[in-house]
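Just so you know, the protein sequences line up as chains C and D, in that order. Start counting the first sequence at 535; every next residue gets the next number (the working numbering). Start counting the second sequence at 535; every next residue gets the next number (the working numbering).
Just so you know, not all the hints are guaranteed correct.
You can't tell identical chains apart in this list, so a pair holds if it fits in one copy or across any two.
Unchecked claim - Within a straight-line C-alpha distance of at most 30 Å, the following computed DSSO-like cross-link-like pairs (lysine-lysine) qualify: (1) K556 with K768; (2) K805 with K698; (3) K698 with K555; (4) K631 with K698; (5) K594 with K768; (6) K768 with K555; (7) K793 with K805; (8) K758 with K833; (9) K805 with K631; (10) K556 with K698; (11) K805 with K555; (12) K656 with K821; (13) K830 with K806; (14) K805 with K556; (15) K830 with K844; (16) K793 with K631; (17) K830 with K556; (18) K556 with K625; (19) K631 with K768.
I should point out that these hints are in silico values taken from the structure, not numbers from a laboratory.
Number of protein chains: 2
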Amino acid sequence: MHTLDELQSLYATYLNENSYKKEPISLYEPVNYILSLGGKRLRPLFSLMAFELYDNKIDKALCIAHAVEVFHNFTLVHDDIMDQAEMRRGKLTVHSKYGVNTGILSGDVMLILAYESLLRFKVPSSIPSLVHIFNQFAREVCEGQEMDMLFESSSEVTLAAYEKMISLKTAVLIAGALKMGAIAAGATESDALKLYDFGLNIGVAFQIQDDYLDTFGSQAQVGKQIGGDIVQNKKTFLILKALELGNQHQKQDLLNLFKTENVLLPQEKVKKVTAILTELNIPDEAKRRKQYYFEKGMKSLEEVQVMTEKKELLRKVAFQLLEREN
Amino acid sequence: MHTLDELQSLYATYLNENSYKKEPISLYEPVNYILSLGGKRLRPLFSLMAFELYDNKIDKALCIAHAVEVFHNFTLVHDDIMDQAEMRRGKLTVHSKYGVNTGILSGDVMLILAYESLLRFKVPSSIPSLVHIFNQFAREVCEGQEMDMLFESSSEVTLAAYEKMISLKTAVLIAGALKMGAIAAGATESDALKLYDFGLNIGVAFQIQDDYLDTFGSQAQVGKQIGGDIVQNKKTFLILKALELGNQHQKQDLLNLFKTENVLLPQEKVKKVTAILTELNIPDEAKRRKQYYFEKGMKSLEEVQVMTEKKELLRKVAFQLLEREN
Numbered sequence: 535m536h537t538l539d540e541l542q543s544l545y546a547t548y549l550n551e552n553s554y555k556k557e558p559i560s561l562y563e564p565v566n567y568i569l570s571l572g573g574k575r576l577r578p579l580f581s582l583m584a585f586e587l588y589d590n591k592i593d594k595a596l597c598i599a600h601a602v603e604v605f606h607n608f609t610l611v612h613d614d615i616m617d618q619a620e621m622r623r624g625k626l627t628v629h630s631k632y633g634v635n636t637g638i639l640s641g642d643v644m645l646i647l648a649y650e651s652l653l654r655f656k657v658p659s660s661i662p663s664l665v666h667i668f669n670q671f672a673r674e675v676c677e678g679q680e681m682d683m684l685f686e687s688s689s690e691v692t693l694a695a696y697e698k699m700i701s702l703k704t705a706v707l708i709a710g711a712l713k714m715g716a717i718a719a720g721a722t723e724s725d726a727l728k729l730y731d732f733g734l735n736i737g738v739a740f741q742i743q744d745d746y747l748d749t750f751g752s753q754a755q756v757g758k759q760i761g762g763d764i765v766q767n768k769k770t771f772l773i774l775k776a777l778e779l780g781n782q783h784q785k786q787d788l789l790n791l792f793k794t795e796n797v798l799l800p801q802e803k804v805k806k807v808t809a810i811l812t813e814l815n816i817p818d819e820a821k822r823r824k825q826y827y828f829e830k831g832m833k834s835l836e837e838v839q840v841m842t843e844k845k846e847l848l849r850k851v852a853f854q855l856l857e858r859e860n
Numbered sequence: 535m536h537t538l539d540e541l542q543s544l545y546a547t548y549l550n551e552n553s554y555k556k557e558p559i560s561l562y563e564p565v566n567y568i569l570s571l572g573g574k575r576l577r578p579l580f581s582l583m584a585f586e587l588y589d590n591k592i593d594k595a596l597c598i599a600h601a602v603e604v605f606h607n608f609t610l611v612h613d614d615i616m617d618q619a620e621m622r623r624g625k626l627t628v629h630s631k632y633g634v635n636t637g638i639l640s641g642d643v644m645l646i647l648a649y650e651s652l653l654r655f656k657v658p659s660s661i662p663s664l665v666h667i668f669n670q671f672a673r674e675v676c677e678g679q680e681m682d683m684l685f686e687s688s689s690e691v692t693l694a695a696y697e698k699m700i701s702l703k704t705a706v707l708i709a710g711a712l713k714m715g716a717i718a719a720g721a722t723e724s725d726a727l728k729l730y731d732f733g734l735n736i737g738v739a740f741q742i743q744d745d746y747l748d749t750f751g752s753q754a755q756v757g758k759q760i761g762g763d764i765v766q767n768k769k770t771f772l773i774l775k776a777l778e779l780g781n782q783h784q785k786q787d788l789l790n791l792f793k794t795e796n797v798l799l800p801q802e803k804v805k806k807v808t809a810i811l812t813e814l815n816i817p818d819e820a821k822r823r824k825q826y827y828f829e830k831g832m833k834s835l836e837e838v839q840v841m842t843e844k845k846e847l848l849r850k851v852a853f854q855l856l857e858r859e860n
């Protein structure tokens, strides 16, 4: 079994050795650019960790991990175009650097490159299952992104719909990464489903925590200005829960604060919204909901039919992801 | 063996029965919209025709044909965004009708749906090969589109590079559709390659003919205004050949006519460019080059180890495609 650092380093080496040197350069350079921006690159590691529960020849699984990372970065490239985002991880987004058309096309080729990477897996009989799992989460991530865009202009988003959206947009990729790793290593269908479930639930828990930290975290913790979601009028878990729990008066205040005609300074708006959220105990609600998903996920992990010690790394990573503020 | 009309009707029924009824509707409605715009839908038929050379259970191959058609329409959706095209087949393009963001995202999901369709093929052991063939032409189509965009702003496009570009942007899809059909039906690797080669060559021949007809065809034949490529300053086979063959004077005239600062009326520009092309015998050059690729393709088809009668339909379709003006 490898440590998280070792897996991270294994994948970083693989990524480095597999940069795209094809023609036309102008199509592939943006691919290498976005992949080099880094971040924690946790998603591919989920495939590796799941694989290692059943098979210690971890090198075999690197192409699957890579498919996950390339797919994830494809979504970043296209989402940044849709969101008109100029910066990512302190660098120019692909379309800001290379133009929108190249952003679209290099994104497209990345989706294909992800499938290509998956096809490098050395056991042909496993490939249909792997591609099947990949297809499903890939399609669901698109569905989640569409829901997210729809919610922006909708005034009737329910909490249930919101949790569905974050599950599709974020959590299914972690879940699918785990499931692919498990299936590739020969896990039973039942174990693969438990690992999927583990990933899905900690993914949703993570997103709820993300919503919480954006308003109630510290700048050091979050790495960006606190209150960004509020300034951007995002309907996060916090806001939707407040709209569910608030009285007529509090709801109206929130809705007024979220109206785009609002002329308050950003800090003032953040302060007023935060006050209402605190009044309604939304931080506790968020923690409780996060904990609900976290425990559901951990229970699924427990049920995976593998010696407890082997599952230690996955457990540790889940705790690291989700206990940042404790 | 089925006739072309029968295959067309089989696929049309399949397409109709497999419209996408998933949520969110706003993501899938554009998919059904573009797929319903029709056109001749020849590309999927190449998979069916190749399949039927070796296996008469044609229903099995419909999911492969569908993958080809969905992929092709994905490229149309994204290309129309890149080209800022408002109309296609007399109807609004997807992004004109539904917005650019939905165009990007529905296009993305179509690429995934194409893989999903491929995965429906009932013989799991063939799936790795099918996905492999699909990956290759899909990536190459993106490369061709990138080259096409690069050529727009480049003043040094060679004929060889142009033929490479049309081969990637157009011909590999026909070639790949044929190869997938053959492999799915259990053809030998050698036959599959011959069919690929047949498709590649008639694809390039078809594109050269397309360039020719855009300037020298009749409006009735082409279904659009003659000279569109010249008005849009497109560096087609005709222009690149003229730049290769022309004397200093003719070349300069052409380049001047193509300068965007040019203030001639469109009809006048078309007339002057056409005159130079005729002077240089470019129509004959185009026909000769088309014929070269056509014959190369037909030779590959001849070498396919299947009874001649069975290949009659593919031969007929190639002639229909390429002998429109004779």
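For this session: Check each numbered hint from earlier against the structure, then list the numbers of those it violates in ascending order.
Result: 5, 8, 9, 11, 12, 13 and 14
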